[in-house]
Structure formats: structure tokens, C-alpha cells
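K.L.:
Sequence:
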Amino acid sequence: MMMMMMMMMMRMMRMMRMMMMIMIMMMSMMMMMMMMMMMMMMMMNDDDDDGDDDDDDDDDDDDDDKDDDNNNDDDEDDDVDDDDEFEKEKRKRLKEYYNINMIRKKKRKYKKEEEEKRRKKIK
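Under the UniProt record's numbering, read the sequence shown as residues 1 to 123, first letter to last.
Hints are computed from structural coordinates only; laboratory data are not their basis. Glycine included, C-beta positions come from ideal geometry on N, C-alpha and C. All the pointers check out, no bait thrown in.
Computed cross-link-like contacts, DSS-like style, restricted to lysine-lysine with a CA-CA straight-line distance of at most 30 Å:
| # | residue 1 | residue 2 |
| --- | --- | --- |
| 1 | 95 | 106 |
| 2 | 95 | 111 |
| 3 | 88 | 107 |
| 4 | 106 | 90 |
| 5 | 109 | 92 |
Distance ranges between label pairs, derived from CB positions:
| # | residue 1 | residue 2 | range |
| --- | --- | --- | --- |
| 6 | 32 | 98 | 51 to 57 Å |
| 7 | 102 | 45 | 41 to 47 Å |
| 8 | 85 | 120 | 50 to 56 Å |
| 9 | 39 | 87 | 35 to 41 Å |
| 10 | 91 | 27 | 56 to 62 Å |
| 11 | 18 | 38 | 28 to 34 Å |
| 12 | 119 | 94 | 33 to 39 Å |
| 13 | 39 | 5 | 46 to 52 Å |
| 14 | 100 | 31 | 52 to 58 Å |
| 15 | 86 | 119 | 46 to 52 Å |
| 16 | 45 | 104 | 40 to 46 Å |
| 17 | 43 | 5 | 52 to 58 Å |
Work out the full structure, taking the sequences as your base and the hints as a guide.
P.N.:
As C-alpha cells, then:
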């Protein structure tokens, strides 16, 4: 009877050890997966469209000495100017694009007219 109990205990211990090993492996796999997901999320996360890096710690130190009210007003004015410049550039590019397309259209029309004139002469 005692022998039987010992055998059962040994089996249970082995099974428990195996279960623990499996659990540890699964946990480590889950941790790895979580880390990979976090890394992917960090890489994919790009809220800044202005092209600046997120590591702007060096610039923040300089702003601490200045008065907050004055600093904020200046920044807002600069942003408006930048937007204005961007809009001007955008309009300029659109105008150029429009002009190029109009020239192409005229060339096509001219070629068609020339082709028709040539055909009429042949007949």
C-alpha cells in the first residue's frame, strides 16, 4: 500500500513538473509575442506628419527659461505663417499642373486638326 502511494506521488510529481515546464514555456512565448506586438505598434505609430523625430528632449530644455505666455504667442504666429506658405506652394503646384494639362490638351487637339487637314488633302 505504501509502495503504491509512493508510485502515485512520483507520477504526480512528474506530471506536475511537466505541466510547470509547459506553463513556463507558454508564458515565455506569450511575453515574446506581447513584446513583438508592442514593438510593431511603436514602429507603426507615426502621429507626426511634420517629419520631426519624437526625441525632441534637447529642444524642451531651452524653452524652460522663457516666459510661457510670450512663447506660446510666438509659436502660434509661426504656425500660421507656415500654413500660409504651404497653401501658396500648393496653389502654385496646382496651377502648374493645370497649365501642363491644358498645354497637353491643346497639343492633342492641334494634332487631331492637323490629321484631319491632311486627310482632306489626300481625298
